[in-house]
Amino acid sequence: MLPIRESTAPRGKSPNKENLLFEIEFFEGVARRDPDFVEALQILGDAYTKTGQWEKGLEIDQRLAKLCANNPLVFYNLACSYSLLKHVDEAFAALDQAVKLGYSDARWLTKDPDLDNIRHDSRFEKIRADLTRKPNRRSSSAS
Numbered sequence: 000m001l002p003i004r005e006s007t008a009p010r011g012k013s014p015n016k017e018n019l020l021f022e023i024e025f026f027e028g029v030a031r032r033d034p035d036f037v038e039a040l041q042i043l044g045d046a047y048t049k050t051g052q053w054e055k056g057l058e059i060d061q062r063l064a065k066l067c068a069n070n071p072l073v074f075y076n077l078a079c080s081y082s083l084l085k086h087v088d089e090a091f092a093a094l095d096q097a098v099k100l101g102y103s104d105a106r107w108l109t110k111d112p113d114l115d116n117i118r119h120d121s122r123f124e125k126i127r128a129d130l131t132r133k134p135n136r137r138s139s140s141a142s
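Residues in the sequence shown are numbered consecutively from 0, following numbering that gives the first Met the number 0.
Each hint should be verified, as a subset may be incorrect.
Straight line, CA to CA, 30 Å or less: simulated DSSO-like cross-link-like pairs of lysine-lysine [claimed, not checked]:
1. Lys-110 - Lys-16
2. Lys-133 - Lys-85
3. Lys-49 - Lys-99
4. Lys-65 - Lys-99
5. Lys-55 - Lys-99
6. Lys-85 - Lys-16
7. Lys-65 - Lys-55
8. Lys-133 - Lys-110
9. Lys-125 - Lys-65
10. Lys-65 - Lys-133
11. Lys-133 - Lys-99
12. Lys-49 - Lys-65
13. Lys-110 - Lys-85
14. Lys-110 - Lys-125
15. Lys-99 - Lys-125
16. Lys-49 - Lys-110
17. Lys-55 - Lys-85
18. Lys-125 - Lys-49
19. Lys-55 - Lys-110
20. Lys-110 - Lys-99
21. Lys-99 - Lys-85
22. Lys-85 - Lys-49
23. Lys-65 - Lys-110
24. Lys-85 - Lys-125
25. Lys-65 - Lys-85
26. Lys-16 - Lys-55
Keep in mind that the hints were calculated from the coordinates and are not lab data.
Take these sequences, add in the hints, and give me the full structure.
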């Protein structure tokens, strides 16, 4: 299962910009050679997001959604990309799909900074409340 992507580094861990730029260059090459290499796309999307290249991150997430149409974390990350770009309706469509596929981590959903742009919407509270009532299944949530 692919991990949830964060646009900001965890506390105490600042991503080295040089390392991220190296990752981008390297994994862009990998993705050119093998456009369906899911793990490479995930790393590339993560690096784009961490460097504020949200449009490129969205493109990667859209590709991953086609390649991994049953993966709730792919759709969660897609919702985050849409949210970062203030595409609110698309963010909710992707988030709804993530929940339908099994995403269940209400706690992370509530604090994920990537979703700040949609948190004020009443649809967000409904999703959060619905997830809070469900048991958290570790296989479909963030660690």
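May I ask which of the numbered hints given earlier this structure violates, with the numbers listed in increasing order?
Those not satisfied: there are none.
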